[in-house]
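Enquirer: So the protein sequences, as listed, match chains A and B. The opening residue of the first sequence carries number 0 in numbering that gives the first Met the number 0; numbering runs sequentially from there. The opening residue of the second sequence carries number 0 in numbering that gives the first Met the number 0; numbering runs sequentially from there.
Worth double-checking, as some hints may not be accurate.
[As the list claims (entries may be wrong)] Over the 10 Å line for every Cβ pair with chain A, so calculated as not near, a few chain B residues:
hint : residue
1    : L56
2    : R59
3    : E100
4    : L115
5    : S121
6    : E124
[Stated by the list, open to error] For the chain B half of the interface with chain A, some residues (derived, Cβ under 8 Å), not all of them:
hint : residue
7    : I2
8    : T12
9    : L17
10   : I18
11   : E22
12   : R23
13   : M26
14   : V33
15   : M43
16   : A47
17   : G68
18   : K72
19   : L74
20   : L122
[Unchecked claim] Label pairs and their computed distance ranges (CB to CB):
hint : chain 1 : residue 1 : chain 2 : residue 2 : range
21   : A       : I44       : B       : E81       : 22 to 32 Å
22   : B       : R20       : A       : E29       : 42 to 52 Å
23   : A       : M50       : B       : E22       : 20 to 30 Å
24   : B       : R59       : A       : R7        : 38 to 48 Å
25   : A       : I44       : B       : A47       : 25 to 35 Å
These are computed hints drawn from the structure, not numbers from a lab. Being a predicted model, the structure only gives us computed values, none of them experimental. Just so you know, even glycine gets a beta-carbon here, dropped at the ideal spot from N, CA and C.
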Amino acid sequence: MDIDIIFRIAGIGILISILSIVLKQAKKEEQAEMLTLAGVVVVLIIVVQLMNELFIVVRSVFNL
Amino acid sequence: MEIAQIVGIALVTTMLLLILRQERPVMALVLSIVFSVVIFTFLMGKIASIIDVMEELTQRAQINYFFFGTLLKILGVAYLGEFAISICQDAGEQAVAKKVEFASKIIIAVLALPILVAILESLMELLPG
Numbered sequence: 000m001d002i003d004i005i006f007r008i009a010g011i012g013i014l015i016s017i018l019s020i021v022l023k024q025a026k027k028e029e030q031a032e033m034l035t036l037a038g039v040v041v042v043l044i045i046v047v048q049l050m051n052e053l054f055i056v057v058r059s060v061f062n063l
Numbered sequence: 000m001e002i003a004q005i006v007g008i009a010l011v012t013t014m015l016l017l018i019l020r021q022e023r024p025v026m027a028l029v030l031s032i033v034f035s036v037v038i039f040t041f042l043m044g045k046i047a048s049i050i051d052v053m054e055e056l057t058q059r060a061q062i063n064y065f066f067f068g069t070l071l072k073i074l075g076v077a078y079l080g081e082f083a084i085s086i087c088q089d090a091g092e093q094a095v096a097k098k099v100e101f102a103s104k105i106i107i108a109v110l111a112l113p114i115l116v117a118i119l120e121s122l123m124e125l126l127p128g
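Construct all of the structure, not just a fragment, from the sequences and the given hints.
Expert: This is the structure we're talking about:
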């Protein structure tokens with residue numbers, strides 16, 4: 000079981016929220032928004048790969 | 000002791016979700032999706048072994064394999080639909096969840112049609128005239 004992927008995503012989320020707080024304090028709201036967007040995209044890429052794996056497994060198990 | 004692993008992961012994920020939900024709701028949603036996917040893939044191996052045993056029983060009972068295959072397909076559609084529905088409901092999107100539910104019901108009905116026809120045909124054979 001790959002639990003490290005959960006930790007990876009939670010880590011990315013916490014890191015991004017801290018970094019965006021820092022950027023907002025430094026009056027760089029635009030870059031904070033960009034950072035949020037980039038984080039979401041990175042995480043979404045991981046999630047899409049995982050879902051692809053899951054769908055392949057489900058399709059092979061249930062003969063869908 | 001797989002249940003201990005699952006309970007541990009669930010508790011850790013819940014705590015991480017509590018932290019993330021205030022700051023980044025999107026990240027929290029993604030984390031819950033990942034958790035569902037991890038649990039689902041973990042249990043898929045066990046479901047496959049259950050299905051293997053059922054398949055062998057079907058062959059021993061000499062039941063038409065077509066019915067069992069349809070049953071499996073329905074099971075798969077139901078599992079996948081439930082997966083998506085619970086994630087959508089978690090994110091508070093009731094409308095999307097309802098649509099997925101509707102779609103999975105219709106797809107299951109379509110898959111079940113040949114079985115219905117087979118039942119009706121055998122009924123017609125039983126009935127005289």
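Enquirer: Now look at each hint and say whether the structure bears it out.
Expert: Going down the list of hints, with the structure as the test:
no.: 1; hint: L56; in the structure: 17 Å, holds
no.: 2; hint: R59; in the structure: 20 Å, holds
no.: 3; hint: E100; in the structure: 18 Å, holds
no.: 4; hint: L115; in the structure: 20 Å, holds
no.: 5; hint: S121; in the structure: 24 Å, holds
no.: 6; hint: E124; in the structure: 29 Å, holds
no.: 7; hint: I2; in the structure: 12 Å, violated
no.: 8; hint: T12; in the structure: 6 Å, holds
no.: 9; hint: L17; in the structure: 11 Å, violated
no.: 10; hint: I18; in the structure: 7 Å, holds
no.: 11; hint: E22; in the structure: 4 Å, holds
no.: 12; hint: R23; in the structure: 5 Å, holds
no.: 13; hint: M26; in the structure: 3 Å, holds
no.: 14; hint: V33; in the structure: 5 Å, holds
no.: 15; hint: M43; in the structure: 5 Å, holds
no.: 16; hint: A47; in the structure: 5 Å, holds
no.: 17; hint: G68; in the structure: 6 Å, holds
no.: 18; hint: K72; in the structure: 6 Å, holds
no.: 19; hint: L74; in the structure: 6 Å, holds
no.: 20; hint: L122; in the structure: 28 Å, violated
no.: 21; hint: I44/A with E81/B: 22 to 32 Å; in the structure: 25 Å, holds
no.: 22; hint: R20/B with E29/A: 42 to 52 Å; in the structure: 25 Å, violated
no.: 23; hint: M50/A with E22/B: 20 to 30 Å; in the structure: 24 Å, holds
no.: 24; hint: R59/B with R7/A: 38 to 48 Å; in the structure: 46 Å, holds
no.: 25; hint: I44/A with A47/B: 25 to 35 Å; in the structure: 28 Å, holds
Violated hints, listed in ascending order, are 7, 9, 20, 22; each of the other numbered hints is respected by the structure.
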